[in-house]
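Sequences listed follow chains B and R, in order. Residue 25 in this note's numbering sits at position 25 of the first sequence, and the numbers go up by one each step. Residue 105 in this note's numbering sits at position 105 of the second sequence, and the numbers go up by one each step.
Keep in mind the hints are simulated off the structure, nothing from the lab. No residue lacks a Cβ here, since even glycine has one placed at the ideal position from N, Cα and C. Incorrect hints may have been included.
[To be verified] In silico contact screen, one side only, chain B against chain R (beta carbon under 8 Å); selected entries: (1) A97; (2) M98; (3) L106; (4) L110; (5) L272.
[Stated by the list, open to error] Negatives, chain B to chain R, calculated, CB over 10 Å: (6) T60; (7) A64; (8) L67; (9) A80; (10) W122; (11) S123; (12) E236; (13) A243.
Spelled out from the first residue to the last, the chains are:
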Amino acid sequence: MLEGIPVTVIILDGLALGLSLFLLSSGLAITFGMLGVVNFAHGSLFMWGAYIGYYVAAKTGSFALGLASSFASMALLGAAIKLSLIRNAHENPLRAAMITIGLMFLLDRLALIIWGEPTRMWSPSYLEGTVELGGVIFYKYRLFLIIVGALLFAAVYAMVSRTYFGVVIRAGIHDKEMVEVLGVNFERAATLMFMLGTGLAGLSGFLFVPWIGVNPSTGITFLLYAFAIVVIGGVESILGTLAASVAVGILQQFTMYYIPWVTEAALFILMLAVLLARPSGIAR
Amino acid sequence: MAGRQLRIAVALLAAMLLPYFAELAGYYRVAPVLAYSWIMGIYALSFALLLGQLGLLSFGHALYLGFGAYVTVYAATWAGIPYLAALPISMAIGALLGLAVALAVSRAFSGIPFAFITLTIQLIAYFLYRKKELAWLSGGEQGLIAPIPDFLKSEWTGVGILAAASVVVAVALVTHALDYARGRASARGLAAAAAASGVLLYLLWEWIQSLAGMPPTFRAMRNLHAISLLALASTYVFMDRLVSSPVGVVWRAIRDNEVRIASLGYNVFKYKALALAISGAFAALAGGLYVPYALNINPERTLSPMVSVYALIYAIVGGVYPLLGPILGALLVGALEILLAPYVGEYSLVIVGVVFIAIMIASPGGLVGLLSRLEAKLKGLGGRLGS
Numbered sequence: 001m002l003e004g005i006p007v008t009v010i011i012l013d014g015l016a017l018g019l020s021l022f023l024l025s026s027g028l029a030i031t032f033g034m035l036g037v038v039n040f041a042h043g044s045l046f047m048w049g050a051y052i053g054y055y056v057a058a059k060t061g062s063f064a065l066g067l068a069s070s071f072a073s074m075a076l077l078g079a080a081i082k083l084s085l086i087r088n089a090h091e092n093p094l095r096a097a098m099i100t101i102g103l104m105f106l107l108d109r110l111a112l113i114i115w116g117e118p119t120r121m122w123s124p125s126y127l128e129g130t131v132e133l134g135g136v137i138f139y140k141y142r143l144f145l146i147i148v149g150a151l152l153f154a155a156v157y158a159m160v161s162r163t164y165f166g167v168v169i170r171a172g173i174h175d176k177e178m179v180e181v182l183g184v185n186f187e188r189a190a191t192l193m194f195m196l197g198t199g200l201a202g203l204s205g206f207l208f209v210p211w212i213g214v215n216p217s218t219g220i221t222f223l224l225y226a227f228a229i230v231v232i233g234g235v236e237s238i239l240g241t242l243a244a245s246v247a248v249g250i251l252q253q254f255t256m257y258y259i260p261w262v263t264e265a266a267l268f269i270l271m272l273a274v275l276l277a278r279p280s281g282i283a284r
Numbered sequence: 001m002a003g004r005q006l007r008i009a010v011a012l013l014a015a016m017l018l019p020y021f022a023e024l025a026g027y028y029r030v031a032p033v034l035a036y037s038w039i040m041g042i043y044a045l046s047f048a049l050l051l052g053q054l055g056l057l058s059f060g061h062a063l064y065l066g067f068g069a070y071v072t073v074y075a076a077t078w079a080g081i082p083y084l085a086a087l088p089i090s091m092a093i094g095a096l097l098g099l100a101v102a103l104a105v106s107r108a109f110s111g112i113p114f115a116f117i118t119l120t121i122q123l124i125a126y127f128l129y130r131k132k133e134l135a136w137l138s139g140g141e142q143g144l145i146a147p148i149p150d151f152l153k154s155e156w157t158g159v160g161i162l163a164a165a166s167v168v169v170a171v172a173l174v175t176h177a178l179d180y181a182r183g184r185a186s187a188r189g190l191a192a193a194a195a196a197s198g199v200l201l202y203l204l205w206e207w208i209q210s211l212a213g214m215p216p217t218f219r220a221m222r223n224l225h226a227i228s229l230l231a232l233a234s235t236y237v238f239m240d241r242l243v244s245s246p247v248g249v250v251w252r253a254i255r256d257n258e259v260r261i262a263s264l265g266y267n268v269f270k271y272k273a274l275a276l277a278i279s280g281a282f283a284a285l286a287g288g289l290y291v292p293y294a295l296n297i298n299p300e301r302t303l304s305p306m307v308s309v310y311a312l313i314y315a316i317v318g319g320v321y322p323l324l325g326p327i328l329g330a331l332l333v334g335a336l337e338i339l340l341a342p343y344v345g346e347y348s349l350v351i352v353g354v355v356f357i358a359i360m361i362a363s364p365g366g367l368v369g370l371l372s373r374l375e376a377k378l379k380g381l382g383g384r385l386g387s
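So that you can see chain B by itself, here it is in the shape it has in the complex (with noise of 0.2 Å):
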């Protein structure tokens, strides 16, 4: 019945949303990896930085403003979370989890109660419409989507593999006792890593402001997302984040067109599937 839209469309799309999914969820993973703790607000500073970004946005007109700014905020955010809420987070990293659920709790609400129900939306003009490749048609926005996604990528593998920085977060999740004997200031690591994640987590939540827009809801939604992501792809690389976003983003937009009514369901059978098939990649 939708045999208008090409193959070929519905996979740069899940690439425009796995791309998008893997700026949320590699901060998450990351962490996860290095303190064992999961942050359950993940999702909830994602709708912040959304809502922060885009009234930046729409009050300036400058999509870039929008972007520097939810991603500022969510990292200063993140910090205070990390320094005051989950200080030593890794010496009970579910007492940790559990606190994260109450932010989440409370972020939530918050939001709901600042911004109502109702979904907000905002383009830069230049990147709203459609262009015509080969005589396909795509979203400008969803192609502008794939080009940032891949960059920040970039960026951020060229980080983890390139940078001294890295060098301490990929031994740190490999083995965190030997990175603090040697005399690296772990924890400080650990903070700017869970800064970044965070950072990052507002920037993606910005991003989708132009798609799909932004409300109290999309929080919890975007934290499954990323959570299936992270299972998925395990905490050992960088790589296997980046694989699992892309997959997990394609698998949505295949089953949102031709079976809709599973959309969700597919990816969490998907994510249990693994869970149960290597419950330690999880478990650390």
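Here the structure of chain B is known, so what remains is to put chain R in place on it, guided by the hints.
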């Protein structure tokens, strides 16, 4: 330390009469609020059993409550099974679900992986039940409408409640009298308790008689309050026995050092599966009792992640152990939301969130832990003053 049983019985009678007293004072919205609190108390207990005894964070706990509610509706609408018989069926389904989850998680039966797997299972059910393609099963997002059960509307239910309350009080009194005969309890305590329960039973009789003349829907909510309270008390007594039995000792030992307990020859999986089945059964009971409270069962109310978050909030605010904690948590959070709402409006839930995080950080034992620490301090103070 006379007559714990007797104190529970008198407290039960007093709690049962709360709506009566409130109505005498002119407040007519108390019975539904209390009914909801008792139901959530059962739900919180079932959740806290896993977290407190075994350290298992069952983050998909709404699964059992949700299916308990749906199965109760199915039993009534598909098979015409009366409400009271539908509740044990729901509990059996809840226990089976708990066992199924236990089998599924057998390779990752602890910590974060357990929380993730249970959450995922709940999410699959939640997202499927919301879809209009499954509306024949779930009623879609609007959910299913359940009529008020005849059992709750009947004038005779009140008599049954009175009889049940009388039996509870009689058993407690006889036990206490036997203790007295053996010289382990005081006559004064026995006489005071007997007088108090006599007065309360008489008031209960008065109230139930006055209900007979009321409209059936009005009566149904009051009956639901009493039934839920009896169910909560039974759950409490059952779980209290369970956690102080040898099974409870093994549970806590597993929580503290699983490897050691396994090496001593205990089948850790079986102990955990048993806890999950019991927890699932009681969460399903809460779901079944929730049906006549809400009268409209939909995925958002019974199966959504927020329902699971609430279980955690109740348990943490009250404390997971002793078992009074989760009940207190459910009561307090419900009361907080209602009492604060006129002053701070929607912010009451934000305050609940702040209280949750504050307790999580400052007093991991919850409110009960806080109270017992306070008690110990006061006792210490009293001791020093006395010497």
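Subject >> Hints not upheld, ascending by number >> reply: Going through the list in order, the structure violates no hint and respects every one.
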